[in-house]
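Undergrad: Please build the complete structure, drawing on both the sequences and the hints.
Going down the list, the protein sequences come from chains C and D.
Heads up: the first sequence begins at 1 in the numbering used here, then just goes up one per residue.
Heads up: the second sequence begins at 74 in the numbering used here, then just goes up one per residue.
Everything labelled a hint here was simulated from the structure, so no lab data went into it.
Nothing false has been slipped in among the hints.
If you want the footprint, here are the derived chain C segments under chain D, 3+ residues with CB under 8 Å: (1) 6 to 19; (2) 32 to 39; (3) 50 to 64.
Some residues of chain C that are not near chain D, with every Cβ distance over 10 Å (derived): (4) M1; (5) R2; (6) I3.
Cβ-Cβ distance ranges computed for the label pairs, FRET-style: (7) D:T153 with C:D53: 27 to 35 Å; (8) D:E201 with C:N37: 18 to 26 Å; (9) D:D221 with C:A9: 44 to 52 Å; (10) C:Q28 with D:D100: 18 to 26 Å; (11) C:G15 with D:P139: 33 to 41 Å; (12) D:A189 with C:K47: 37 to 45 Å; (13) D:I85 with C:E14: 43 to 51 Å; (14) D:A189 with C:N37: 24 to 32 Å; (15) D:P139 with C:S23: 15 to 23 Å; (16) C:S23 with D:N245: 50 to 58 Å; (17) C:R56 with D:R88: 38 to 46 Å; (18) C:G54 with D:N245: 49 to 57 Å.
These figures come from a predicted structure and were not determined experimentally.
All C-beta atoms, glycine included, are put in the ideal place defined by N, C-alpha and C.
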Amino acid sequence: MRITVNGEAREITEGQSVASLLSELGIQDERVAVELNLTILKREYFKQTLLRDGDRVEVIGFIGGGRGLGYEG
Amino acid sequence: MKDEDRLTIAGIEFRSRLWVGTGKYKDFIETQKAIEASGAEVVTVAVRRVNIVDRKSENLLDYLSPQKYKILPNTAGCYTVEEALRYARLARAAGISDMVKLEVIGDEKTLFPDTAGLIEAAKILVKEGFIVLPYTNDDPVVAKRLVDVGCPAVMPLAAPIGSGLGIRNPYNLKILMESVKVPVIVDAGVGTASDAALAMEYGAAGVLMNTAIAGAKDPILMAEAMKYAVWAGRLAYRAGRIPRKLYATASSPIEGML
Numbered sequence: 001m002r003i004t005v006n007g008e009a010r011e012i013t014e015g016q017s018v019a020s021l022l023s024e025l026g027i028q029d030e031r032v033a034v035e036l037n038l039t040i041l042k043r044e045y046f047k048q049t050l051l052r053d054g055d056r057v058e059v060i061g062f063i064g065g066g067r068g069l070g071y072e073g
Numbered sequence: 074m075k076d077e078d079r080l081t082i083a084g085i086e087f088r089s090r091l092w093v094g095t096g097k098y099k100d101f102i103e104t105q106k107a108i109e110a111s112g113a114e115v116v117t118v119a120v121r122r123v124n125i126v127d128r129k130s131e132n133l134l135d136y137l138s139p140q141k142y143k144i145l146p147n148t149a150g151c152y153t154v155e156e157a158l159r160y161a162r163l164a165r166a167a168g169i170s171d172m173v174k175l176e177v178i179g180d181e182k183t184l185f186p187d188t189a190g191l192i193e194a195a196k197i198l199v200k201e202g203f204i205v206l207p208y209t210n211d212d213p214v215v216a217k218r219l220v221d222v223g224c225p226a227v228m229p230l231a232a233p234i235g236s237g238l239g240i241r242n243p244y245n246l247k248i249l250m251e252s253v254k255v256p257v258i259v260d261a262g263v264g265t266a267s268d269a270a271l272a273m274e275y276g277a278a279g280v281l282m283n284t285a286i287a288g289a290k291d292p293i294l295m296a297e298a299m300k301y302a303v304w305a306g307r308l309a310y311r312a313g314r315i316p317r318k319l320y321a322t323a324s325s326p327i328e329g330m331l
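TA: This is how it looks when you write it as structure tokens:
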């Protein structure tokens with residue numbers, strides 16, 4: 001199964017949850033926001049939400065930036 | 074700052090009137106040291122994709138603990154209302170607070186705000202329960218509109234972002250401060266300590282800056298200078314300056330002269 005995470009194509013196993021994807025990526029979920037197909041997914045749904053073929057996932061966090069254009073991650 | 078002179082926005086009390094950005098530093102250690110030296114309590118951060126390729130890369134928030142600082146996410150780099158709304162909502166979902174520094178940029182070269190888009194986005198976000206702190210220009214009418222749609226403070230620029238030109242239109246800024254009843258945080262364009270002091274002397278409730286500190290030869294020393302400048306400017310504002318006069322007024326009495 002193929003999904004897109006932060007613009008990069010990625011192979012995942014059938015029935016993988018968002019929480020499992022984050023843990024596979026080594027991301028602590030308390031500091032990020034997840035957008036699934038352009039809709040924000042609340043943190044309490046990370047575990048129960050299963051990814052589907054073609055899903056577009058954005059994992060967003062905070063980086064240094066203050067004025068104007070922030071630095072790209 | 075003395076306890077009785079705290080800055081309050083939307084019921085949130087702020088210890089420091091100097092707010093700082095976290096971009097453009099050499100590394101996270103320098104960021105941390107400079108922010109520590111500035112005494113700032115509010116630090117702005119940008120909202121971006123997490124680096125999923127290199128997971129060993131460190132996180133800014135490991136250096137700036139949300140327990141110690143008020144982390145203020147911004148919508149920097151957003152050029153449309155839709156984009157700004159998306160970033161603001163993501164920032165809130167990432168779970169720090171309902172506060173957002175709203176930027177809707179209208180022009181790439183000057184980074185001046187698109188004020189029509191800004192007012193529109195602010196209105197929507199306020200309805201969604203956000204505490205919206207808008208980065209705006211020094212137009213008093215726009216500031217009033219932003220307050221009308223529910224912004225609990227406004228953040229006019231002193232000069233273009235990162236330009237270091239200082240306060241380019243002091244009279245407009247003064248009119249703006251007298252036109253709105255909410256705190257005014259001067260945001261962007263400050264170049265050195267005297268610029269920050271001047272903004273405070275005009276009656277700003279605070280100053281937000283990034284480049285003036287991060288771009289200085291010694292950012293940590295400049296951070297400290299800014300701390301005192303904002304403080305001195307605030308005290309001078311509260312003390313009330315003397316009127317300007319064209320001719321001299323002797324300080325020493327004439328009586329008793331030989």
